[in-house]
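Chemist: Sequence:
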Amino acid sequence: MGNANQSFYYNNQKLDYKVTITDKEDGNLGKGVNPENAFFSFDYLKQGRDLALLASNAQMTGGLKYLQGKTLIANSDCKSCHALEAKSIGPSYLAVAERYKGKTGIEDMLAAKIIQGGNGNWGKNVMAAHP
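The numbering of the sequence shown is the working numbering, which starts it at 1 and goes up by one.
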């Protein structure tokens with residue numbers, strides 16, 4: 001953001017920024033690093049969010065949108081029955097994502113299913129409630 005104020009956000013103002021990439025093995029952006037292979041993302045952090053949690057999360061795949069869910073999964077017993085790619089007692093996270101991709105309001109429905117528990121959607125196994 002150059003010489004701009006980096007402590008305050010002013011609504012509806014342009015933010016001037018510059019992205020640089022320096023890699024010991026591949027070089028710099030435009031000089032060894034192909035700009036088309038570079039990925040840059042940013043997200044808006046609402047007031048009141050957990051900045052310490054954000055700062056401690058080195059890998060932000062999916063951005064801030066999914067940080068809370070990733071943290072909840074990491075600190076729960078979900079791993080006992082679910083895995084990222086492989087079916088276990090329950091379906092994989094990727095299978096769930098594929099089944100419900102693009103469906104409106106699905107986050108609330110799945111959250112309710114996790115809280116209340118359920119069965120029959122993925123076979124005979126029952127998912128216990130996680131209130």
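Everything labelled a hint here was simulated from the structure, so no lab data went into it. Among the clues, some could well be false.
Below, simulated BS3-like cross-link-like pairs (lysine-lysine); rule was C-alpha separation at most 27 Å, straight line [claimed, not checked]:
| hint | residue 1 | residue 2 |
| --- | --- | --- |
| 1 | Lys103 | Lys124 |
| 2 | Lys14 | Lys24 |
| 3 | Lys18 | Lys79 |
| 4 | Lys79 | Lys101 |
| 5 | Lys70 | Lys113 |
| 6 | Lys31 | Lys70 |
| 7 | Lys103 | Lys87 |
| 8 | Lys79 | Lys103 |
| 9 | Lys103 | Lys70 |
| 10 | Lys113 | Lys87 |
| 11 | Lys79 | Lys31 |
| 12 | Lys101 | Lys113 |
| 13 | Lys124 | Lys101 |
| 14 | Lys31 | Lys87 |
| 15 | Lys87 | Lys101 |
| 16 | Lys87 | Lys70 |
| 17 | Lys18 | Lys31 |
| 18 | Lys113 | Lys103 |
Chemist: I'd like to know which numbered hints this structure contradicts. Please list them from smallest to largest.
Modeler: 2, 3, 6, 11 and 14
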